[in-house]
Amino acid sequence: MPTTSVKHRDFIGEPMGDKEVTALAGIGDVYGQKLSGQGFDKAYVVLGQFLLLKKEKDLFLDWLKEVAGVNAHNGDSCYNCLNEWCEQHL
Amino acid sequence: MSSFAHLNDAELRQELMKMGMSVGPITAGTRSVYEKKLEKLQKDAKKSPAKAVAAKATVAATNATTKQSARKTVARRSTRARAGASEAEISDSEEPPQPIPPPQRVAPPPQRVAPPPQRVVPPPQRVEPPPQPRRQSSAKSNVSVSSPIVPGRANISVSSIRAPESPPSPRRRPLASSIASGVNVSPSRSIYSRTTVLDRDDTPPGRDPFAYSSAEDSDYHYDQPARSVVNKSMNTSFQPRSRRSYLSSTTATSDNGRPNVIVPTARGQPSSFQSMLTGLNKFRQDTFAALRRRLSWDGKRQKSPELMFGSEPGHYSIRDGRDTMRIDKQPSGEWRFRGSNSERHSSLRLDDGFPRVLLILLGVFLVVLGCAYIASAHRDQVKHSWTIVKDAAKDTANFFVRYAIIPTIVVGLCTLAVVGCYMLQRYRRAQAAAEKKNMFDMVDQIIDILRESARTATNVRDACVAVPHVRDMLIRAVDRKAKADLWESAVAYINENESRVSTETKFVNGQECLVWRWLPNEDKDDPAWQGSAFSDAQASLNAPREPYSECLKLRGMFDLSQQRGLDWPDFIQDALLEKLGPGIRVLHVAVDKTSKEGVVFMKLKSKREAEDAYKALHGSWFDGRIVSVKYLRSERYHQRFPDAIVAAYPLQYKLTYGVKGDDESHYCRCRLGGGNGSDQPPADATEEAEGAVKWRRHLSLFMGIIGGEVGPALEPLITY
Numbered sequence: 026m027p028t029t030s031v032k033h034r035d036f037i038g039e040p041m042g043d044k045e046v047t048a049l050a051g052i053g054d055v056y057g058q059k060l061s062g063q064g065f066d067k068a069y070v071v072l073g074q075f076l077l078l079k080k081e082k083d084l085f086l087d088w089l090k091e092v093a094g095v096n097a098h099n100g101d102s103c104y105n106c107l108n109e110w111c112e113q114h115l
Numbered sequence: 184m185s186s187f188a189h190l191n192d193a194e195l196r197q198e199l200m201k202m203g204m205s206v207g208p209i210t211a212g213t214r215s216v217y218e219k220k221l222e223k224l225q226k227d228a229k230k231s232p233a234k235a236v237a238a239k240a241t242v243a244a245t246n247a248t249t250k251q252s253a254r255k256t257v258a259r260r261s262t263r264a265r266a267g268a269s270e271a272e273i274s275d276s277e278e279p280p281q282p283i284p285p286p287q288r289v290a291p292p293p294q295r296v297a298p299p300p301q302r303v304v305p306p307p308q309r310v311e312p313p314p315q316p317r318r319q320s321s322a323k324s325n326v327s328v329s330s331p332i333v334p335g336r337a338n339i340s341v342s343s344i345r346a347p348e349s350p351p352s353p354r355r356r357p358l359a360s361s362i363a364s365g366v367n368v369s370p371s372r373s374i375y376s377r378t379t380v381l382d383r384d385d386t387p388p389g390r391d392p393f394a395y396s397s398a399e400d401s402d403y404h405y406d407q408p409a410r411s412v413v414n415k416s417m418n419t420s421f422q423p424r425s426r427r428s429y430l431s432s433t434t435a436t437s438d439n440g441r442p443n444v445i446v447p448t449a450r451g452q453p454s455s456f457q458s459m460l461t462g463l464n465k466f467r468q469d470t471f472a473a474l475r476r477r478l479s480w481d482g483k484r485q486k487s488p489e490l491m492f493g494s495e496p497g498h499y500s501i502r503d504g505r506d507t508m509r510i511d512k513q514p515s516g517e518w519r520f521r522g523s524n525s526e527r528h529s530s531l532r533l534d535d536g537f538p539r540v541l542l543i544l545l546g547v548f549l550v551v552l553g554c555a556y557i558a559s560a561h562r563d564q565v566k567h568s569w570t571i572v573k574d575a576a577k578d579t580a581n582f583f584v585r586y587a588i589i590p591t592i593v594v595g596l597c598t599l600a601v602v603g604c605y606m607l608q609r610y611r612r613a614q615a616a617a618e619k620k621n622m623f624d625m626v627d628q629i630i631d632i633l634r635e636s637a638r639t640a641t642n643v644r645d646a647c648v649a650v651p652h653v654r655d656m657l658i659r660a661v662d663r664k665a666k667a668d669l670w671e672s673a674v675a676y677i678n679e680n681e682s683r684v685s686t687e688t689k690f691v692n693g694q695e696c697l698v699w700r701w702l703p704n705e706d707k708d709d710p711a712w713q714g715s716a717f718s719d720a721q722a723s724l725n726a727p728r729e730p731y732s733e734c735l736k737l738r739g740m741f742d743l744s745q746q747r748g749l750d751w752p753d754f755i756q757d758a759l760l761e762k763l764g765p766g767i768r769v770l771h772v773a774v775d776k777t778s779k780e781g782v783v784f785m786k787l788k789s790k791r792e793a794e795d796a797y798k799a800l801h802g803s804w805f806d807g808r809i810v811s812v813k814y815l816r817s818e819r820y821h822q823r824f825p826d827a828i829v830a831a832y833p834l835q836y837k838l839t840y841g842v843k844g845d846d847e848s849h850y851c852r853c854r855l856g857g858g859n860g861s862d863q864p865p866a867d868a869t870e871e872a873e874g875a876v877k878w879r880r881h882l883s884l885f886m887g888i889i890g891g892e893v894g895p896a897l898e899p900l901i902t903y
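The listed protein sequences correspond, in order, to chains G and D.
Sequential numbering from 26 applies to the first sequence in my numbering.
Sequential numbering from 184 applies to the second sequence in my numbering.
Be aware that one or more of the hints could be misleading.
Unchecked claim - So, partial list: chain G residues that the calculated Cβ filter (under 7 Å) puts toward chain D: (1) Q74; (2) L77; (3) L84.
Just so you know, these hints were derived from the structure itself, not from any lab.
In this text, a Cβ means the ideal position worked out from N, Cα and C, and glycines have one as well.
With the rest of the complex left out, here is chain D (with noise of 0.2 Å):
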């Protein structure tokens, strides 16, 4: 850590970077740890650089960084020289020796341009079938080299990002250089070229059949039987050579650490490549052991198939003769062949090799087996789950009853029985009334005949009808008994309320039974004064300013048709005096019996009277008739009614309820009401009327023992 105190962050992140570290960021929380990892990367450096070396490039590859690959290449270089192996004889200087291939293989590969199909591969050449080291060939940045290995033999032509190396390996290389990269071709190349266009005079020279664009060049390297010349434009083209004798595949790996996998197919016609990602081998080698299997190449053709390159890294094609097979590497990252020329179309999925259904029952199987599982193993707390899901289940079901149906049903029938009391008191309150209307229905239709049949009754004793016979008339025979209630309660009001019928026991032809008999009297006794039709200011409105007179006309005062009996005359001059009161003198009446208008002429003591009379008079309701009233003169009144010019003393009650029907006393008042003009002071009190008439009894009496007679003699002895 001290060791690193003078670096400052971005330092010390270049270090670490350097050793092929990935950095985070560099605080003082981190640096420390940092530091020391930066230290033991460089101890590890120190002890065993290739180790280290080896392990940072593969990291570098893993992360297939340019700069990486940069440092890798140095490093390989280094370790290669340190390596010391037996490689030899790489005409660049900067190369380290490297192991120099015997060079048995005389036979130059066919060379070919990669995008004929007819491209003929048969290398005639193979001499040794046995393999043979490989002799490698090692690139420089942009320097081509032709490293002659054998004369005439091969040519390496190397750029500077390719740089395969292969170890010996036990294959012999021959190489090809691309006809395209002249420049690179050198002396020994062309004569092997040549070679190769003498031994296969059907393969055009300089034909690419690995042709892949830059910039999988840092990706992938293809360890090919045939070399690979790269031109400066960076197109690299391979060749595959097949050889006989290759017959079983191989892998090498490299002193780099990154593995050759050769493919030879079962013919002995290699189609291998070397690649550069350490991560992609395994998977390379299923591929081409898939591809080996499917490609079943027969021996009988002398085609080496092809393979192709195609211009997106990924894609590759495959040809041989008519046959191509393209080998796309798709974003899942899958391998997919498809063979373009037979019924080879086939997928290869590496990664799930069994049919959905397949896995949808493993599924299944599992989730069952889990089920199980718990099953038995918690039996416990599966019963357990359960009894509290089915009181969970229950509980809620409680709830729901005691909160919200109970509660509803309560107050439903509450809500129903208030409601129903309800109606039922208005159903009885309206029955009530109706019985009672009924009831007083039925009492008025039982006076109405009461009063008809009291009408009609010639005789006062006859005026009376059995009950049963009233009933019989208002009731129908079939509503009798329903109607029995009802027929009482008239009844029994009748009899308690109406004062105008009385009831009583009659024997009907020989038979005991109720009668109702109708009063007449009782309801004409009463003057049946029954108020004013004006108000009092209305009264003195419509009264002249002026008494013109202390006569008066009175209308409406009686109707003739309804008067009954003799002496009603009397009984309006009575009312009269009762309405009008003591304080008015009135000195004469007289009533025009025949009158149609029910007419009454009435003389007052003064013409202050007289006005006050038309007041109380006028306008007011007598016996269901209106009064009204008019001023006479007193010369037409005195023309009429002779009498009245000398009547001087109010008049008096005629008839007197407790003396009614008594002669005597009727006779006196009537002779004293209509008295001879003596000027006697007004008895305005009906005692002092009772008074006076006794008075004239007694003296009548008295006057009858003596034998003598009451005559005007006596006159004022009467009076008092």
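One chain only, chain G, in its complex shape (with noise of 0.2 Å):
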């Protein structure tokens, strides 16, 4: 497995709250800047996005490269975040 970034382990350690889209793993300020030009800008939106997509790897990646543009690196570093987030803390 793949190391995980520090962005990665500050997420997934603590309960999400009100942070920003940014601080998700793979989601730099552009793509967040892209994001939350389309109203997702908090982590939690795009968890409710997550969660709509039933955690599917592909169709997270998919919406995430349609809303933003997300590249297949950064989508897949964000899905596990998301991913592991959940698997912690739901």
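With the hints as a guide, bring the two chains together.
This is the structure:
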């Protein structure tokens, strides 16, 4: 398993609370702005979409690509991030 | 996406579900994603339908839903048709041709009825040991199909749900039809049955070694050497057929993606079944490998083990002669084998092979390893944290010492000091008071001694006591040193403050020492009027309204036993005059020297003055006695004291302090005081009296010079 980023660990370690969307692993400033422009300004909004898509990886990746043009690698880390968060906190 | 724009959410969802997707809610936010997915799925399906279908089927198998099973069946069918493999000869018209296994096997498998254990399995009619391509039979819905693969050999009767399809396998599959489902028995089948019966007379035809409930139908598919016949009531019976030729286990995968597991026994009596569950395949392989290991069937036994499926899913039992092995699927996913006959009780735990102790040891080892790693890799941090812990402990201790213990001690000390000071003060005060009291007691005792000695002394000269003598009388010898201070203070007090005692130096027995002398007269000289017993109002109440006469009788003016000297009646008269004052003129006073009541008679100038005197004297304290007054009839008074009839001048003081002891003046005063009735204006002041005395003295001196005598002729001269 590849090592996870600091962002990933930070996000997973605690309840997400009011964190910005950029707190998600794989979502930087640029993606964050794009997502915020579409209304996904908080991490929990993205989590909502993630859950709506039934945690399916390809669907989520497709959605990220469609909404913010997130590439596969970043989408993957975002997906992992949310998935592990769900495993721990849901 | 646009291609699905005409679909609404529900339809899109339907489509996706048809493709085997698990679909979440389709909303505005997710719709595009799902449309894309559907598009992709459809494209994939077009490109490689078989693959897609296979994939779908896999998914469906995993999900194990009936619907998917149905779809699967269809897909399978089509696949088979497309594949067009060498399978042939399925009597069902709907079935695509299936490969016809060569009819090498003649020996019909023995048919067994499940329950009785005395089934004899030996397949005596094994003709061709080499494996043969297996004839596969498919089942169609509710159509009982008998497909004569080889005449007189097999009959297949398949129910709709059970669609066992096996790829050609190097195994011949003798078919057995259940007797119970007699409807489905084809002629050839019956023939076969017959042969079976003929072959093995000990085996009752139509026994189901494998009987399981229909609930399992969709979950399991058992590929048996013997074909099963499923009757309409969904009871399926399998008959395992053992063939000597099956010496090796073979795993084949059918074209629908489901592998067949064939687990023959070591002796070539395979009891293999095909699982429909892909996920369980591996599992099952393991299971049967273990099973094979455990069931060391010996070759001599000519019985094939019999697999029985219980009424509940997950329970199987395998019978081999007298031995019964139960296979239970535990809820935890383990398979448990239980031999009923011999000591084959064993439990095979497939998921954890380690004993618990080993696991615990491993865990402990890992923890130790982790600690060691942390200690070695982050030495600085460990040290740092250790120092932090130490500092924190120190700080805590400091905190408690500084903010809890020291203040408590300080406050306690302060309180103690304050309380101690207070107690000390009180103690000292009490001590001082006690000392003072002792001192005054001592002083009182000294005065008592002095007074007593003065009273008992016959000579005034001797009425003195040596100071050391007094001390020796009061203080015992043992206490003298301890009470020296007390004695000194008492002596000092008496010397300074006691006016009735005079300290003198006297020679006693030729030795000079201090003596105390009691001055007895000083306390007797004072007239000692001591106030009134009644208030003015009471005195006026007690007094009669009108004065009866100008004569009074006073009682309680003296005590005979206490009077000393010869001139005490004069003292009493003076005291009365002093008390009444110049406003009340007293004409005559007589002291009854024999009375025990201290009676004094008194005549005043007028009745009004008698009333005033009554009020002034009645109820007064005089020298420790209360004085009572009453009126006396003047006739009676005059009868007793005839000289009082002529008394017209108010009395004067008989004893004047300044001229005490002066005989001449005393005489003059007496004479003048007891005046012979001359009407002289009252001399109401001492100075006046003094002046009169002087005048008389000069006059008498003058008369003495001229040789005359102061007589009544000179009386007017003398007075004024």
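These are the hints, each one checked on the structure:
no.	hint	in the structure
1	Q74	holds (6 Å)
2	L77	holds (5 Å)
3	L84	holds (5 Å)
The earlier numbered hints are all upheld by this structure, with none contradicted.
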